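S.K.: What follows is the residue order along each chain.
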Amino acid sequence: MTENTAPETNVSRRDFLKVAWAFFGGLAALEVGGIFLAYLQPRLAEGEFGAHLDIGLVDDYPPGTVTHISNGRFYLVRLPDGGFLAVYHRCTHLGCTVPWDPAIQKFVCPCHNSQFDDNGMVENPPAPRPLDLFPVTIENGAVRVDTGTILQRQTFDTAQVVYP
Amino acid sequence: MTETDPENQNPSLLRRIRARLVPDAHPADDRGRMRMVLDSLILHLHPPKVPDRTLKWTYTWGLGGLSAVLMLILGATGAILLNNYTPSAPQAYLDILELRSNVWFGELVRNLHHWSANLLVIIAVLHLLRVFLTGSYRAPRELNWLIGVGMLLLVLAANFTGYLLPWDQLAYWAITVGTGILSYIPLVGEWLSRLVLGGPEVGASTLLNFYSLHISFIPLLIFGLMSFHFWRVRKDGGLTLPRRIDETEEPRVERLTTIPHLVRKELVFALVWIAAILIFAMLVPAPLEDIANPGLSPNPAKAPWYFLGLQELLLHFHPLVAGIILPGLAMLGIFLLPFIDINTASVGIYFRSRRGRSLSLLALGLAILLTPLWVLLDEFILDWSAWLPSWPSLITNGLIPMTVVLLPLILIDDWAQKHLRADLEERILFLVIFLFTAFGILTAIGIFFRGPGMNLYWPWLMPEVVH
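Chain order of the listed sequences is A and B. Position 144, counted from 1, in the first sequence is what numbering that gives the first Met the number 0 calls 143; the numbers after and before it change by one each time, with no gaps. Position 170, counted from 1, in the second sequence is what numbering that gives the first Met the number 0 calls 169; the numbers after and before it change by one each time, with no gaps.
Bound-form chain A, shown alone (with noise of 0.2 Å):
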């Protein structure tokens, strides 16, 4: 124990050992943290909400309407001008969801009173951005909505329109 057989070093013995048993223990704990968190990651209910959902025809939905799809969450949004949004209906402020008002033509938040235009644009605060959109896709004029796919936005543009 009194012989130092590497003498250009000042870490003893005992210290490398305390500070190796430190680093594997912190290791180890880390990987049970690891193991914790991927163990309760959420798991995707696939098959109701998430689904890609076909909910009919273009012409089933005539221009300037709005129609609650409720098993997919989301309102289909045909504009005055043909084009279609699917706007999920969960408010960006706290989560609450959003009916469309139809008298004043626009959708109201019960919570918190944010308003949103048809677009989703946000009208009154305090929602901090527009409603968030799913992916809308039209094949041989029948529509298709994909759930799985939640697309946020900070401002409303064109191309988030889709046109049959």
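Please keep in mind that the hints were generated in silico from the structure rather than gathered at the bench. For clarity, every value in this text was computed on a predicted model and none was experimentally measured. C-beta: ideal position from N, C-alpha, C; glycine also. Among these hints, one or two may not hold up.
Unchecked claim - Residues from chain A shown here face chain B by an in silico Cβ test under 7 Å; the list is partial:
#, residue
1, Thr66
2, Ser69
3, Gly94
4, Thr96
5, Pro109
6, Cys110
7, Asn112
8, Pro124
9, Pro127
Claimed, not checked - Computed list of chain A residues with no C-beta within reach of chain B, every gap over 10 Å:
#, residue
10, Ala27
11, Leu29
12, Gly55
13, Val57
14, Cys95
15, Trp99
16, Asn118
17, Pro125
18, Phe155
Stated by the list, open to error - Here are the simulated distance ranges between beta carbons:
#, chain 1, residue 1, chain 2, residue 2, range
19, B, Gly327, A, Ala37, 36 to 42 Å
20, B, Ser226, A, Ala28, 22 to 28 Å
21, A, Thr154, B, Leu282, 39 to 45 Å
22, A, Thr154, B, Asn83, 46 to 52 Å
23, B, Val271, A, Glu122, 52 to 58 Å
24, B, Pro407, A, Thr154, 44 to 50 Å
With chain A's structure known, arrange chain B on it following the hints.
M.R.: Quick look at chain B alone, frame taken from chain A:
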């Protein structure tokens, strides 16, 4: 009991069992009596003797003890509620209906659990307030303050996770709004929100997550911290001694034996409260609305009542400010309090000093006056996002209103320091009482004055909730 009657060297089996279970109530000598007291399990928690002054119940108001009693009620009722509950939608809701109509005392047990949980939030906050107002968190009790604040957070978490379990409209939307705040945490918010909810919105996985947190993880942590908390009270030398405001010298302390002086008081106190809660639970049913419907937010949709102060802030500020920055600063302040407010000379005196009492009254009055005024002003007049339409909402709806609120606070503090010659502990007292009262008033506004569309109404003119 190790001593046996010398005349009876060979006691019967029954006597031997009894001697081990029930200590001799009347030991013959002083030494025997002393042993009996010292061997008692109660003195594992309490010291053998306590200062007579701390027994005065208008000092502690028994708030810590009551919290422990409520924990016991919650543990007992919670354990048997498990026997009639399935954590899956929609079965959870049907189980609650079944519990109310077809289980003996099911409604009573549920009411007891519900009301005790809500009372616990109030009592735990009052306990924290008592410790603050008497300066009892100062050295060497800082660690126990931290443990206590940790437990308060866990109590809120237990309450919040339990709120979802009945799976009615009230539960579903309160949790939706409550967890909505999570997604505003910078960088990890979205990920954390998905992890907690088990998906993009409140659903079957959320119910299972909350159930597991509510019945295993959180109660275990609370039990551990409770034991730690009690142990630290003893290690830190028991309760702080209550003192009169003009008392300068160290108070003369007379010590009384814990058994019976303290324990008897505690038992009577617990019994009276349990009776009161039982009567309340018999008379007032816990709320239960229609089964959860993800497609239909009730109007208004409110978070659980203890978060309505936060929800009120969310009406006035950008979510990052109201949901993350302000509560974060408040929590940081609460954790740091015992390390900033360190004058041990005024420990045990309610409100620190005479000037402290005047300042407290002033803070209370100002908060009662200014908070509703500010809510009305912000609701009807201030509209920064309309005045500065091209600015990002984090500034118009966040930083500007935050400055509008913080500036008067800084000015008042400055004034108290210069004109009233308030010292550090008195300024902290003023600030904490002001903020605490303001938050209380915001909570009250959220509970009683917010109606459909989250508009302001007089409580007596409140329209019915639209479902």
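S.K.: For each hint, tell me whether it holds in the structure or not.
M.R.: Structure-based check of each hint:
Below 7 Å, beta-carbon pairs count as interface contacts, and threonine 66/A has none with chain B, the closest being about 13 Å; its hint is therefore violated. About 5 Å separates the beta-carbon of serine 69/A from the nearest beta-carbon of chain B, less than 7 Å, and the hint is met. Nearest Cβ of chain B to the Cβ of glycine 94/A: about 4 Å, under the 7 Å cut. The hint holds. With a least beta-carbon distance of about 5 Å to chain B, the hint placing threonine 96/A at the interface is held under the 7 Å criterion.
Satisfaction of the interface hint for proline 109/A is found here, the shortest Cβ-Cβ separation to chain B being roughly 3 Å, below the 7 Å cut-off. Taking 7 Å as the C-beta contact cut-off toward chain B, the hint placing cysteine 110/A at the interface holds, the least distance being around 4 Å. A least Cβ separation of about 5 Å between asparagine 112/A and chain B falls short of the 7 Å threshold, and the interface hint therefore holds. Satisfaction of the interface hint for proline 124/A is found here, the shortest Cβ-Cβ separation to chain B being roughly 6 Å, below the 7 Å cut-off.
Contact between proline 127/A and chain B, as hinted, is supported at the beta carbon level, the nearest pair being about 6 Å apart and thus within 7 Å. The beta carbon of alanine 27/A is kept farther than 10 Å from every beta carbon of chain B, the shortest such distance being approximately 21 Å. Remark: the non-interface label on leucine 29/A is consistent with the geometry, its nearest Cβ contact in chain B lying 17 Å away (cut-off 10 Å). For glycine 55/A, the condition that its CB be more than 10 Å from all CB atoms of chain B holds, with the nearest at approximately 19 Å.
At the 10 Å boundary, the C-beta of valine 57/A stays outside the reach of chain B, the nearest C-beta of that chain being 25 Å off. For cysteine 95/A, the requirement that its beta carbon stay farther than 10 Å from each beta carbon of chain B is not met, with the minimum near 4 Å. For tryptophan 99/A, the shortest C-beta to C-beta distance to chain B comes to about 12 Å, beyond the 10 Å cut-off, and the non-interface label holds. Residue-level check passed: asparagine 118/A sits 17 Å from the nearest beta carbon of chain B, beyond 10 Å.
Annotated as non-interface, proline 125/A brings its C-beta within 10 Å of a C-beta of chain B; the closest such distance is 7 Å. Residue placement check: phenylalanine 155/A keeps its beta carbon more than 10 Å from all beta carbons of chain B (closest about 16 Å). Our hint of 36 to 42 Å for glycine 327/B and alanine 37/A is violated, since their Cβ atoms are close to 27 Å apart. Taking 22 to 28 Å as the suggested C-beta distance range, the pair serine 226/B and alanine 28/A conforms, at roughly 23 Å.
A beta carbon spacing of about 54 Å between threonine 154/A and leucine 282/B contradicts the range 39 to 45 Å that was offered as a hint. Look at threonine 154/A against asparagine 83/B: about 51 Å separates their beta carbons, and that is inside 46 to 52 Å. At about 56 Å, the CB distance of valine 271/B to glutamate 122/A agrees with the hint of 52 to 58 Å. For the pair proline 407/B and threonine 154/A, the beta carbons lie near 35 Å from each other, so the given range of 44 to 50 Å is not met.
The earlier numbered hints that this structure contradicts are 1, 14, 17, 19, 21 and 24.
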